[in-house]
Every structure is written in structure tokens, then in C-alpha cells.
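The UniProt record's numbering numbers the first residue of the sequence shown as 1 and each following residue consecutively.
The hints are simulated quantities; they were obtained by calculation from the structure and are not laboratory data. All the given hints hold, so there is nothing to weed out.
Below 30 Å or equal to it, Euclidean Cα-Cα: the simulated DSSO-like pairs (lysine-lysine) are: (1) Lys633 - Lys108; (2) Lys215 - Lys836; (3) Lys35 - Lys454; (4) Lys148 - Lys2; (5) Lys387 - Lys699; (6) Lys730 - Lys743; (7) Lys96 - Lys148; (8) Lys852 - Lys215; (9) Lys404 - Lys651.
Estimated spans, in silico, between C-beta atoms of each pair: (10) Lys102 - Lys125: 24 to 32 Å; (11) Met195 - Ala586: 53 to 61 Å; (12) Glu867 - Val889: 17 to 25 Å; (13) Lys23 - Glu1022: 14 to 22 Å; (14) Gln1033 - Asp617: 20 to 28 Å; (15) Lys125 - Asp418: 53 to 61 Å; (16) Gln689 - Ala356: 38 to 46 Å; (17) Phe843 - Ala274: 41 to 49 Å; (18) Glu432 - Lys125: 44 to 52 Å; (19) Glu432 - Lys669: 53 to 61 Å; (20) Gly104 - Gln655: 20 to 28 Å; (21) Gln657 - Gln107: 30 to 38 Å; (22) Gln5 - Gln1033: 19 to 27 Å.
C-beta: ideal position from N, C-alpha, C; glycine also.
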Amino acid sequence: MKPLQLTLINFGPYEHETIDFTKLAGASVFLISGKTGSGKTTIFDAITFALYGESATDDRSAQSLRSDFADPRVPTEVDLTFEHQGTVYQVNRQPKQTLDKKRGTGQKTYESTGKLAIFDDQGKKQQEITKMRDINIKLRDVLQIGPKQFVQIVLLPQGDFRRFLVASSTDKETVLRKIFRTQLYQRWGDALKDMLKAQKAKIKTANNAIEQDLKQVQWMDAPANIANQPVSDQIAVLTAQQVQATAALKDIQKQQLTAQTNYETANTQLSNDARMNDQIMGLERQKQQQITLQSQQDQYRQLQQQIEHLTWANTLKPQYDRLQEFQADVEADQEQLTTILGAINRSSKRQADQQATQQQLQRQQSSQDQRLHDQTILVRQRPAFQKVAALKDQLTSAQTTFAKINDHLTAQKQQIADLNQRSNQLAEKLAERPAISDSLAQLRQTGEWLLNAKKQVDQLTDRQTGIQQLTEQINRDSKRLDDLAVQVTSQQTAYDQLRNTWLSNQIANLVDQLAPRTPCPVCGSRTHPSPAQVADLPQVSDIQIKQAEQQLQTIKSRQAGASSKLSEENKHLSDQKQRLEQDFAALLTEFKQREVANEETQSLPALSQLVANQLADNQNQQQLLDKQLSDLKRKAEQQETIQQQLETSQKQVDQLQADYQDAQSACQKYQVQLNDVQESLPADFANLQELDDHLAELKRLSADFDQAVSDNRQALQNAAAELATANGKKVTLNRSMADTKNKIAKIQNALTTAINQQFHTTDWHILQELLSQLDTLDKKQAQLVDYQDQLKNVAAAITTYQKIIGDHQPVDLDAKKARVAQLAAIRDELTDRYSKAHDVALFNNDRLKRIKQNDAAIHDQLEQTTELEQLVQTVSGDSDAKLGLERYVLRAELIEILQVANEHLKQLSSGRYFLQLHKEAGTYQKDTGLEIDVYDDNVGQTRSVHTLSGGESFIAALSLALALGEVIQNESGGISIDTLFVDEGFGSLDQESLAMAMGALENIESNSRMIGIISHVTMLQESIPYQIKVQAQGQGKSTTSVIRP
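Model the full structure from these sequences, guided by the hints.
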């Protein structure tokens, strides 16, 4: 991917800027220069947004990159033209943003939009895509990487890689984890730890359960110290106890069965004897009842005669009831006849009254005719009164409208005056807006400079910490060198003593070998007057002396190495202190030139605190000005609204003026018409209401007369009809009463004859008495039947008892009940013993079962837990190797990165340096696995990357950055990225290191790839001919220009 042209509209500090990258086509390295905060990195943000619709960093969203100074009518827009593998692409994007509505007033939030055009090598458009989803899919398919990978590959944060170079293995792991997404291994390790923790928790839970169950066991004949014995022994004792308990239960159960059988046999015999005694007593009761029933026979014969009389009376009851009904009918007809005669009298009187009323109404007919005539005349005069009323209503309505228009007009004029006053007040406030915007832009530039200054101060603080750590290391190495000197002295003394002993042994051997007239191996004399007297010494072999010499040389070599290392560290410490003092002095000078620091600021902590305070003040002032601008923006919107309200109000006032004139004319017109009509009205009525009231009274009187005539006519007709109906009913009732009296006589004769035949008398009181007792007939019949049934049942029961009892006699039950109670007590005692023993055995058996299950589970899980614990230690790096699975994987990735980096480093350092992983394990896990050493070919030794100078660490970090980009490209499918950006990392270099870095950059082979350096360092501007220069214009705006030789 190679950018050709980039256009930014209202994006960051750029109002409308176009950058032509084709003007840099001849450069392998170009510079993006400008002051801190001018918008250099925003160019890369724009490229990333054009390709992916996202910002290059997570701390800024695409929407937040809209310019603060942007016109609310003009959208934020980025247009990028780039070439990739021979094809030209032009992508245009607009982020989600709030703009003025295209129609009407107010603002609206517009969603993100975009367009992608694809051209062939002849410049002819082949395809155009306008849907955001299709654009994103197409560009990812073309580039083969996502936004995060693109930023990692294309934008190389040089300062971050310099810190990465000297970071601990733990810090490197954190960085590489994000790049290579190895969080899976970390999560896997955490999951394994959780599994191990859960497994151990299960074992602990099982052990606790066993302990609790053993405490609950009810021991029988167990040792006194059973609770202190091992779990396996307690399980064995409990198992044996349960076997014994089962056998005891079976024995008790057998005894219980025998006792139950004996009890049931005795209880059955007792029940049989008790039933036989009951049968004998029952026979005696039945015989006694039979005697009692036989003594009642005379009483029930009289009851039989009463039943026969009542039955006879019951047969005559229907005729007697009809007689009562007929007599009641005659009485009712007599009462109704009396009522009808009274109605005939009343109807006759009403008829006479209505005839008199009819004659009176006929005399009033002339007055009714006059009322009808007057009503006709007045109805003809009513329209004139209606017109007067209508004109009065119209006049009142017009006067009301006129008053309302006048009030509304006055209110609108007052509102216009108020709006003009508010508009003038807002205008005075809005006049402050440009000055506040300039101040805010200046504060933002200063804030960005302070942020960069804070980074530099933090870097100096880190370097100061490194110097302190190096000083502590030198102190430790110095003490170690002193210890080695003591060891050398001690070892030298031991070696000299051992060698002297060895020489003395050699002398003794020579003395023993001297012979007369043989030359002395020392002086050559053939006479030996006084051979040396050597005391007895321990034997020292040649091997011992050689080993002692080797040990001495080893100690001396270690002493020389430590001395050399200490000297190199002291030199490095001196260089670091000197560079730190120079960089601090340069930074302090810059602070003083900007009047941020004064002469009293002489220490790095004071400068750090000063920057923090200045940055906090700057941010507070920015927030204050942002709030003021927001308030002014709202005031501007209020002023615009007020202007619109003024226009609307003025239009309303003009309309109200016209309505005022119309309403005044209408009032005058209605008043003239009303006066004309009122002159033609009759004088009897003042208004339409009085006329209508008089007409209503005439209509009411006429209607009342008509209604009275109608009511009189209807009343006469009703009275005649009522008289006719009453007379007819009187005739019918007389005829019915005669028929009913004949029926009564016939029934009376029949009943008298029946009484005489039954009792030989004509007295009706006997029949009436019997009829009054008929309600007792059913009861008396039931008593008689019940008596007869009792006689039969008693006789049958006596026969049945005699058959069952036979020759049996009563039995004494008390002795047998005592025996049954004794057998029941024996049975219950055995049942209680069995229940208690069974509950204990069941309880202990349940505990034993759970204990054995938990014990078996523990044994099954112990082996798994051990294996899992070993796996957790291996994966998490808690083993002796201190290298976890994730770090092992990242180590392989880092080896690959170092292999590629060494190709660049070989070119940049002319073959002097070679990066490699530190082979030995560190003291702690944090410094094991990802530590980097550098091999220096000039001295033929490997040393820590912490010993590299500023320029050396720069080229090493640059090699790492380039290598990481290439590795990610390869892992992403071998994609092609033709342009890279190196962001900062130059500001903290001294002159010598910067010169070395520039030399390295000049040696980078282009391979048809451009490298853009983002920096504000002056020396780079003087050394790199191809540049994109960013210039701040004030008020938060910046412009660009392409510089080339």
C-alpha cells in the first residue's frame, strides 16, 4: 500500500488540506516535521480513518477528530488515493457527525458515509462502492489486515521499541501478548489454576465430610482413642461393628416374631370368648323385649280402630274440600258484586261532571279563536326582531375582536422590543468569541508541548532511575571484587603453602637418593657433608598442586573479569550521568526559553513537578475556555433564534395592523345597520326576547285549551265504556252465584247420608273431628307396622341366638386379658430394642457408605491433582526453568523477530552488532525468557542491551521495529506495505547519538519502500531533504507543504 494523495477537510487541525505523496516518489526516507501539537501524527490518523473508518489510537474516536473550528454546515471528510499491487484506489469517508440541517433550522446527527472507486492501470474507473459494509469488506480483502495490524505494521513508535529493548521479560511479554494475541495461553493457565484450585477444594471437602461423618458415628465397644486413629483404621473398625450389628438385629427380629405369634394367638382366643359372652347377653335382651311387646297388644288394637275411622274420613275429604271451595266462591262473588255496584255509581257521577265541563269549554271557544289570530300576526313581525338581535351579536363580536387584536398588537410590539434588547446583549457577549478561540488554540498548542515535555521528563526520570540502578550494581560489583581479592589472597597463600610442602617433599626425596661420590643435583658436589634435615610432611601429589594452581588461576581470571566489568560499568555510568546532565540542561534551557521554568528549578523532580502543575493548569484553563465557547455557541444559537423570532413577530405586527383597521370598520358598519332596523320595530316589545315570550305564552294557552277539549272528549268516552262493562259483570255474577248454591246443597246431602250410615247420626262434628286428625294417619299406621315388625324381628333374633350359643356358658375374661397384656409388653419391649438397634445400624451404615465413597474419591483425585499441579507449574512458569507456556511461545516469536532484526542491524551497524536472547535463566521469573543481549563484534563479547549508548540503542530499536512490521506482514499472508512511518524517538537523543541514527537511516535499503519519520527535531530537518512540513496557523489550524530538493 503506497499513498498517492490525501485530502483532509475539517479533520483535526486541517480545514482543507491536500498532501501529494507523489512529490516524494524519489525519496526512500522523508520527514514529517513541525512543532509539537501542530498535527503531524494526525496525517497518519487520517490515512487509518480513510482505510478502516477508525482512528490510529484507541484513546481517540473518529468522531472526536472533527475540527473545533469547523463550520457547522461543512462536514468532516477524508479522501485518500493509494496504489496497491498495480491498482489505484480512491476512498472517501465522512464520520458520524452533527451538522446544520440541510433544510430548516436546527442541527441533525448524520451517520457515517463513504465511497470507494477502483481504477485500472490506464486510470479508467472499474468499480464504485457506496455501502459502508461493502467498502470495509473490500478494503480488508485488498490489504489483508485489520486496523490494529495496519497500525502495528505501518506506524512504528520508535520510543516504545527503545523501551521494549531494555524492558524486563514480564514487560516484553505484556507488549508481545497484544501483538501476537497469545492471551489464550494466559487464559489457559488461569483456567488450569482454577481447575487445580477446584480439585484441591474437592479433596478438602471430601476430607472434611469424612471427618464430620466419623464424628457422628455411634461407636459400640470401640477403643477409647478411636477418634485419634487413622481414617483407614476407623473405617475397618466401623465395618466390623456394622457386621456385628447386622447379626444382632437378625436375632432380635427372630425373638420379636415369636413374641408376636404368641400375642396374636392369645388375643384371638380372648376376642372369641368376648364375642360369645356378648351373644349370650344378646339372647337375654331379646327375650325380655318379646315379653314387653306382648304386654302392649290391647293398646295397638285400639290404634287399629282409630286408623279405620280416619281412613273412612279420608275418603270423604275431597267432597268436604269442594264444599268449602264452593262456599268460599259464593262469598267472593258477593264481595265482587258489591264492588261493581260501587263502580257503577262512581262512573255515573264522572259522566255527569265531564258533560258539565264540555259545556264550559264550548263557552270559551271565542277566546281561543282570538289567541290564534294574534299569534299569526306576531309571527309575521318576528324576522325584524331577529335581524336586530343578529346585528347586536355581530356588533358585540366585532367589538370583542377589535379589543383582542388591539391587545395582541400591543403585546407583539412589546415582545419585539424585548427581543431587540436580548439580541443586543448577546451580540456584546459574542464579540468575545474570537479572542477566546485564539486563547484556546494557544493553550492547546502549549498543552501538546507540555505533554511532549512530560514524556521527555519521564524519559529522563527513567534514565535517572537506570543510573541509580547501575550505581547500585557497581556497588555490588565493587564489593564482589573486594571479596574476590580476599579469595585470591587466601587462595594464593594456600597455593604457596601447598607448593612449599611439595618442594620440601621433593628435597626429602633428593636427600634420600644422595649417594657418596655422586654429584648433588643442586650444587654438583660429590661430597655431602651436611644433607638437609627435612621434617615429616604430608604428601602432596603433582595432581594436587596442579588443581591448586588451576583454582588460583580461575579465581584470578574471575577477579580480572570483575575488575574489567567494574571499569566498564564505571565508564558507562560516567557517560550516562554526563549525557543525563547534558540532556537535562538542554531541556531546562528550553523550559526557561519558553518561560515555563525559572532559575530556582535545578532538579529533575522539581522540573517533573513543575511540568505536572503546568499541565494541570493548562488542562483546567482549556476546560474553562471550552465551557465558555460552549456557552457562546449556545448564545449564538439563541441569537439566531431571536432573529428568527423578530422576523416572525414583525410579520405578525404588520398583519395585526391590517386586522385592526378591518375590525374597526366592521364595528362602524354594524352600528349603522342596527340603528336603521330598530326605527322600524313596533313599540309594544323592546326586543326579540319579549316578543318570543309573548308568542310562547299564546301558544301555551292555545295548547292548554286544545288539550282540555281533548281530555274532556276522552273522559266522556271512558265513563260510558266503564258503565257498560260494570252492568255486564253484575248480570254474570248473579247467574254464577245461583249455580254455586245448587252445588253446595247436593254435597251437603251426600255427606249427611254417609255420616248417618257410618255412625247412625246426622251430626257433622264427628266427620269434622276426624278430618282435623287426618294428619296423624300416616304416623299411626307407621306405629302399628313398626310394632308388628318388632314382634317378628324379636322372634327371629331369639331363634338365631339359640342356634349360635348352643350349650355355651359365660366365660371369665379378666385372667385372659392379663395374659394378653403380658404378651403385648414382651412384644413391645422387643420391638423397641429392634427399632433402636436398627436406627443406630442404619445411621452408621449411611455414614460408612459416604465415608467409603469420599475416601475412594480422594484416592482417585490425588493422582489427577498431582499431575494437574505439575501441568500448572509448567504452564505458568513456576517450575525451576521459570519459563511458562505463553512466554515459551512468545520466545519463539521473538527469536523470529530477532533473526529479521539482525538483517537490518547488520546493515545499520556495518556488521558490528548482533541481537540474541539471553540464554541463562534469571534470578526471578520476571527476568527470564525474553531478555535480549547484544553481541559486539569489535570486542568479541556479548553484553546486555542496557549497556548500549543512545545512538546504538536507537538503531537496535529501529531494527526491531522494522523486523516486527515484516514479521506481522508475513504472518498476515505476505501482504505488501510500501510506506512506513517512524513516530518520534529522536527528541531524547544527544548530538552524537542523533548523528549515528541519521547515518543508520541513510543506510536503509529502500526496496521500493518509503519510510516517513515523524519528528520535530531540527537536525533531522537539516539532514533529510524530502519533507512534509506542518505549520500551525493559530486558532487550532495547521497547513502543510511538501519540500523536496
